[in-house]
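Colleague: Can you build the whole structure from these sequences, using the hints too?
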Amino acid sequence: MGKTIAQKIFDAHLRDTPTPENMVLDLDVVMCHEITTPIAIMDLVDKNMDSVFDPAKIKAVIDHVTPAKDSKTAMQGKILRDWARRHNIVDFFDIGANGVCHALFPEKGFIRPGYTVIMGDSHTCTHGAFGAFAAGVGTTDLEVGIYKGVCSFRTPKTMRIVINGRVPKGVSAKDVILHILKQVTVGGGTDRIIEFTGEVVENFTMAQRMTLCNMAVEAGATSGICMPDAITAEYLWPFIEEEYSSLDDAVADFSRWHSDENAEYEQTLTVDVTSLVPQMTVGFKPDQVVDISEVEGGPVDQVYIGSCTNGRIEDLRDAAEILQGRKLAATVRGIVTPATPKVYSEALEEGILKIFIDAGFCVLNPTCGACLGMSSGVLAEGEICASTTNRNFNGRMGKGGMVHLMSPYSAAAAAVTGKITDPRKFLA
Amino acid sequence: MKTFGGPALFLDRSDINTDEIIPARYLTEISKTALQPHLLEDLLIDGRPFVHGSPAMKKARVIVSRKNFGCGSSREHAVWAFEVNAINLVIAESFARIFRQNMFNCGILAVELPGREIETLFALRGTVTIDVDLDKEILTACSSEAADPVKCGFSLNPFDKELIAAGGWLAYADQKY
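Residue numbers (my numbering), protein chains in the order written: chain A, 1 to 428; chain B, 1 to 177.
Quick caveat, the hints were computed from the structure, so don't treat them as lab data. Quick caveat: nothing in here was measured; it's all calculated off a predicted structure. There may be inaccurate statements among the hints.
Label pairs and their in silico Cβ distance ranges [said to hold, decoys possible]: (1) A:Leu14 - B:Gln175: 47 to 55 angstroms; (2) B:Pro114 - A:Pro55: 44 to 52 angstroms; (3) B:Lys58 - A:Glu21: 55 to 63 angstroms.
If we take Cβ atoms under 7 angstroms as the criterion, some of the chain B residues that face chain A in the derived model are [unchecked claim]: (4) Leu44; (5) Lys67; (6) Glu76; (7) Phe154; (8) Leu170.
Distance condition first, Cα-Cα at most 20 angstroms in a straight line; then the derived DMTMM-like pairs of lysine to aspartate or glutamate [what the hints assert, rightly or not]: (9) A:Lys47 - B:Glu112; (10) B:Lys67 - A:Asp287; (11) A:Lys425 - A:Glu321; (12) A:Lys342 - A:Asp11; (13) A:Lys157 - B:Glu112; (14) B:Lys161 - B:Asp135; (15) B:Lys32 - A:Glu107; (16) B:Lys176 - A:Glu243; (17) B:Lys161 - A:Asp16; (18) B:Lys32 - A:Asp43; (19) B:Lys161 - A:Glu21; (20) B:Lys176 - A:Asp16; (21) B:Lys161 - A:Asp191; (22) A:Lys399 - B:Asp46; (23) B:Lys176 - A:Asp43; (24) B:Lys67 - A:Asp191; (25) B:Lys176 - A:Asp50; (26) A:Lys399 - B:Asp174; (27) B:Lys176 - A:Glu21; (28) A:Lys69 - B:Glu112; (29) B:Lys176 - A:Asp91; (30) A:Lys78 - B:Glu29; (31) B:Lys2 - A:Glu321; (32) A:Lys342 - A:Asp70; (33) B:Lys32 - A:Asp46; (34) A:Lys72 - B:Glu29.
Cβ atoms here follow ideal geometry from the backbone N, Cα and C, with glycine treated the same way.
Modeller: In structure tokens form, the structure reads like this:
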């Protein structure tokens with residue numbers, strides 16, 4: 001019997017199998033942000049265990065609330081900053097260089113095919129786009145990861161999702177994953193890896209693959225994962241050119257991680273996206289997904305474009321395609337948050353920020369901010385946000401608010417009309 | 001080792017997420033006890049806000065719920081919010097992976113029961129107290145309005161049991177790795 005990519009990664013990192021159902025893996029990267037890490041740091045200090053297993057394998061960023069909004073968030077940043085200095089963690093990103101962790105760390109080339117990655121953040125599954133096993137964990141797992149460089153998992157099975165067909169104009173990776181969530185449901189991926197394959201995924205850019213993998217956790221999955229290929233190698237090339245004689249060489253090396261033809265899957269779901277139309281969520285669960293055409297005209301108070309799901313340059317370009325030469329509806333507030341300084345800078349150079357500003361958007365610095373209602377765009381009770389983020393839970397963007405998850409195209413269309421709108425009417 | 005069991009609070013819904021258990025606006029706290037008044041603050045039951053902080057909730061030492069409990073964000077704050085309210089046991093038909101792991105990592109109990117047994121617990125009337133025999137892996141639920149207790153066997157993953165005995169994952173990992 002062959003092996004899946006996940007099984008190959010587990011085999012290469014296995015430290016211990018405390019029971020046949022459990023595994024303890026050695027970690028290649030432990031990523032930290034200022035919300036879930038300070039309590040781990042304080043506990044390690046408290047227990048006289050204030051050391052790190054390998055400072056080069058730890059990456060840290062202040063991203064959830066930045067700049068600090070009050071004394072408490074300033075202290076969270078300070079605890080992380082002081083700790084990074086104390087342990088010579090070189091890859092620490094503070095204000096001016098910081099951005100949304102799951103957009104920033106890939107950009108820095110920190111994630112490679114075959115890696116094991118954890119972070120105290122559920123959307124860590126995003127990094128599976130690189131052919132890595134990347135899992136969100138709680139603070140205690142993070143703490144042990146920092147201290148010992150290991151993490152335990154109940155060994156997950158793999159669910160394969162084969163995405164075939166051709167993605168129509170006006171439909172994006174976000175619509176594809178929302179469509180998949182509707183079928184898999186919010187608990188359907190629990191204790192499973194979701195392996196995204198098929199011709200659509202093979203042709204997707206790294207940004208699109210990250211959007212897919214980002215929302216694997218919304219199905220309860222431990223990690224999303226894609227096969228590392230030429231697109232992966234091209235993205236990573238500036239970081240790996242010393243290691244490989246050519247791009248082909250890198251691609252050939254990456255292929256050793258690929259799932260075998262005769263690998264065993266717990267389940268395979270095949271999706272054809274050729275006739276897929278723009279999707280969005282209604283209600284408070286990410287699997288409550290409808291065709292936008294079914295709910296067109298619904299009210300919108302705020303439009304938010306950003307986050308680890310859809311705050312990359314490709315996402316901003318999509319939105320700008322609709323916003324170019326158009327204005328925000330008078331009843332809507334628009335917020336755009338380029339996910340990293342690099343995205344911000346590229347959007348500036350490409351004239352995309354000018355399009356947003358001319359349309360009437362507020363351009364925020366890179367931060368997680370409004371996605372989880374911690375800062376920079378919290379909703380008032382009863383308000384509705386058309387958002388490119390990943391969660392619509394009750395209270396997520398502010399107590400009593402409602403979030404409709406959708407693509408950057410669809411959010412931009414809602415910004416222009418002030419209502420839920422099928423974006424295809426704005427695209428030639 | 002912590003003690004498990006006591007008066008139960010029933011949360012009759014599937015897919016209760018960690019944002020509902022402890023909203024992100026309280027994640028700026030760096031003390032676990034600061035979470036205490038905010039447990040279940042954004043929970044919706046039947047589409048309506050759950051009355052949090054009721055006397056029944058204050059007395060509760062056990063939570064009983066349905067499928068996919070603790071889905072969403074990885075925040076261990078959700079587990080701490082239960083802990084600082086003296087709730088060390090959650091019983092559900094199924095758990096989201098990270099929440100379940102966080103419970104055992106903190107040395108406290110997440111017990112899965114089949115749907116029909118969860119149904120039996122939900123059918124109990126009056127004040128319900130649930131006790132746990134960890135060695136025998138048996139839950140005993142006593143209702144103030146029923147003469148006979150309900151007993152349910154459960155099965156813990158042996159590794160999770162070791163984490164409980166060790167007092168959590170940090171203590172276990174520090175010893176072993």
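Colleague: Failing hints, ascending?
Modeller: Of the numbered hints given earlier, those the structure breaks are 1, 3, 7, 9, 12, 15, 16, 26, 28, 29, 31, 32, listed in rising order.
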